[in-house]
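Participant: Here are the chains, one letter per residue:
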Amino acid sequence: MVKIENITKTYEKGKVKALTNINLSIEKGELFGLIGPDGAGKTSLFRILTSLLIPDSGIVKIMNFDVVKDYKEIRKITGYMPGKFSLYQDLSVEENLNFFASVFGTTVKENYSLIEDIYVQIEPFKKRLAGKLSGGMKQKLALSCALIHKPEILVLDEPTTGVDAVSRKEFWEMLKKLKSEGITILVSTPYMDEASLCDRIALIQNGEILSVDKPLNIINQFNKKLFAIRTSNMYQLMQDLKQFGSLNTAFLFGQVVHFTSKNKNTNSEEIRFFLKENNHSDIFIKEIVPSIEDCFMEFAKNEK
Amino acid sequence: MRTIFFILRKEFKQIFRNPMMVRLIIALPIVQLIVLANAATMDLKNINLAIVDNDLSSISRQLISKFEGSPFFTITYRDFSEKGAQKSVALNQSDAILIIPVNFQKDLLKNDKAKLQFSINAINGMSAGITNYYMQSIILDFNKKIIGEWKMPTKELQKAKNITVTYAHWFNKELIFNIFMVPGILAVLVTIMGMFLPGLNLVREKEIGTIEQINVTPIKKYQFILGKLLPFIIIAFFELTLGLFIGIPLFNVPVIGSFFVLYSVAGIYLLAILGIGLLLSTFANTQQQLMFLSYFVLIIFILMSGIFTPTESMPKWGQILVLLIFCHKFMRYQFTLFYQLVLQ
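Chains as they are written, first to last, in numbering that gives the first Met the number 0: chain A, 0 to 303; chain B, 0 to 343.
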């Protein structure tokens with residue numbers, strides 16, 4: 000469906016490297032996630048995919064159409080939802096939808112079945128100007144507009160950034176439904192917890208792909224024991240863990256520190272002993288299953 | 000074709016949804032015509048004159064009465080103190096001083112020669128020039144009269160020695176300033192409409208990011224540009240029509256030429272102006288930048304258009320620039336419509 004080969008993109012005459020030698024292959028009907036922090040190059044890659052940006056080198060083909068040469072065809076088969084709300088704020092919900100349907104040479108009626116589930120939620124506000132919608136509703140409208148021409152592939156750039164938890168959950172439900180309609184979906188997100196909702200994910204940082212696989216496989220690649228540690232003095236805990244002999248990584252994750260050791264035989268008793276020696280009290284240690292975020296941190300560390 | 004129609008429909012919806020835009024479109028020609036055509040006049044009607052008459056003779060009194068009788072002068076100061084007169088100029092109460100020295104009449108009668116002094120406040124060079132011209136012409140007139148009365152024994156001789164120039168102002172017989180201003184202002188109006196609005200509209204799409212969404216649709220470049228420019232061609236023609244509807248009856252501007260020619264020329268002019276607006280919009284990324292940029296270009300256009308300063312008096316390079324800035328040409332064509340053929 001999508002073949003990305005050796006894509007490199009630089010800005011400011013080569014000074015800023017946005018993407019370095021990216022290779023990806025996405026199957027038809029896949030829900031593919033591009034996971035990475037801000038500035039990793041997610042938007043640059045998506046803009047190349049949607050023919051908005053020309054890569055310095057490399058080839059991208061969507062359904063055998065080249066994104067540079069056959070950009071006209073590409074635009075007919077892709078639906079793109081930019082990270083920033085880019086619909087006409089001074090047109091109503093209905094007018095935006097009708098406008099985008101008509102410039103794609105179709106009508107809302109024709110493809111209504113595809114957007115029905117999403118559109119019914121904003122239909123009560125169809126006369127309202129798009130600029131006056133709430134964040135979640137704006138996002139639903141943008142998705143409707145991106146879908147109105149029944150695209151083969153849907154490219155969503157950080158659709159859930161700045162959206163509340165409930166709306167985020169709803170949004171992923173909608174994506175699952177669209178996937179079942181046979182639409183290939185590419186979605187980028189900085190939220191690691193959303194990664195497990197994708198069929199396959201690519202972890203991206205500083206313009207380079209760290210790993211591509213199914214979320215479970217990525218977690219399985221994590222070959223170290225991971226400990227969640229909490230004590231009464233978290234700051235001191237971080238400082239002390241750095242003195243731990245076989246320390247691999249120690250990151251603060253919300254209320255706890257995620258800790259890995261270079262030594263496979265390190266166990267919680269050993270750590271507890273070490274911490275007690277360093278005068279920690281209320282010690283809580285548990286071996287946990289790594290999350291995508293842990294994997295990302297691990298890969299990012301190895302990359303450096 | 001259908002796509003252009005959809006874009007047009009969207010543009011008009013957006014324009015008319017913006018109450019500010021609608022009000023501006025209606026108010027701009029009305030306010031510009033009424034305010035500018037009436038107030039921005041080059042005629043000097045009220046020159047405040049300070050007179051220092053040190054002679055107090057019958058001739059000096061006759062001269063002063065000439066100034067008093069003129070509709071252009073108002074005597075605001077009359078005393079023997081030169082300092083006082085200067086002070087009144089400094090306080091902006093007078094624009095010019097006329098000093099009549101002692102023995103003015105005596106010198107005139109005995110030596111056939113006498114001197115007068117003008118001092119004109121030249122902070123505004125243009126009005127100082129006109130003031131000087133008016134004062135000179137009153138003195139010349141007065142001079143001719145006294146030569147005639149005192150020196151020439153017979154009427155025949157008086158006639159023989161005088162060369163009189165009779166002149167006629169063609170096309171604008173009475174030099175009515177409004178008739179000159181109306182076409183000029185309409186040209187400025189069309190320029191503003193053509194340069195600012197489409198540029199702003201295009202840059203807004205860039206600024207808000209909507210162009211991103213347009214770019215991924217199959218809309219072609221020419222469709223997008225046409226869809227963006229056509230509404231403003233229509234609005235500019237509407238503005239021109241509104242301006243003509245108000246301007247012609249309000250200022251009694253004579254209409255001689257053909258409206259068809261005017262609208263054709265306006266159409267060509269608009270294309271050029273829209274092109275400039277389009278070009279500027281590619282340089283700017285925000286509406287603020289574009290405002291600044293177009294303002295810069297617009298000011299040059301208006302100053303070089305010949306509406307405020309005659310283009311004939313510009314230096315050579317200025318005249319070449321005027322040719323490039325076709326605003327001037329458009330104004331000329333409008334004059335042709337309005338009153339070029341009045342006398343024929």
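Hint data in this document are derived by calculation from the structure and do not stem from the laboratory. Predicted model only: the values in this text are computed from it and were never measured. The beta-carbon is built from N, C-alpha and C at its ideal position, and this holds for glycine as well. Warning: the hint list may mix true and false statements.
[Stated by the list, open to error] Within a straight-line C-alpha distance of at most 27 Å, the following computed DSSO-like cross-link-like pairs (lysine-lysine) qualify:
no., chain 1, residue 1, chain 2, residue 2
1, A, Lys16, B, Lys114
2, B, Lys219, A, Lys83
3, B, Lys82, A, Lys68
4, B, Lys205, A, Lys14
5, B, Lys220, A, Lys71
6, A, Lys75, B, Lys144
7, A, Lys83, B, Lys143
8, A, Lys60, B, Lys315
9, A, Lys12, B, Lys205
[Unchecked claim] Per label pair, the in silico range of CB-to-CB distance:
no., chain 1, residue 1, chain 2, residue 2, range
10, B, Met20, A, Ile287, 57 to 63 Å
11, B, Ser263, A, Lys176, 23 to 29 Å
12, A, Glu4, B, Leu322, 51 to 57 Å
13, B, Gly317, A, Ser133, 39 to 45 Å
Participant: Does each hint fit the structure? Answer for all of them.
Facilitator: Now the hints, each set against the structure:
no., hint, result
1, Lys16/A x Lys114/B, "violated (83 Å)"
2, Lys219/B x Lys83/A, "holds (23 Å)"
3, Lys82/B x Lys68/A, "violated (84 Å)"
4, Lys205/B x Lys14/A, "holds (25 Å)"
5, Lys220/B x Lys71/A, "holds (12 Å)"
6, Lys75/A x Lys144/B, "violated (89 Å)"
7, Lys83/A x Lys143/B, "violated (81 Å)"
8, Lys60/A x Lys315/B, "violated (59 Å)"
9, Lys12/A x Lys205/B, "holds (23 Å)"
10, Met20/B x Ile287/A: 57 to 63 Å, "holds (60 Å)"
11, Ser263/B x Lys176/A: 23 to 29 Å, "violated (58 Å)"
12, Glu4/A x Leu322/B: 51 to 57 Å, "holds (55 Å)"
13, Gly317/B x Ser133/A: 39 to 45 Å, "violated (57 Å)"
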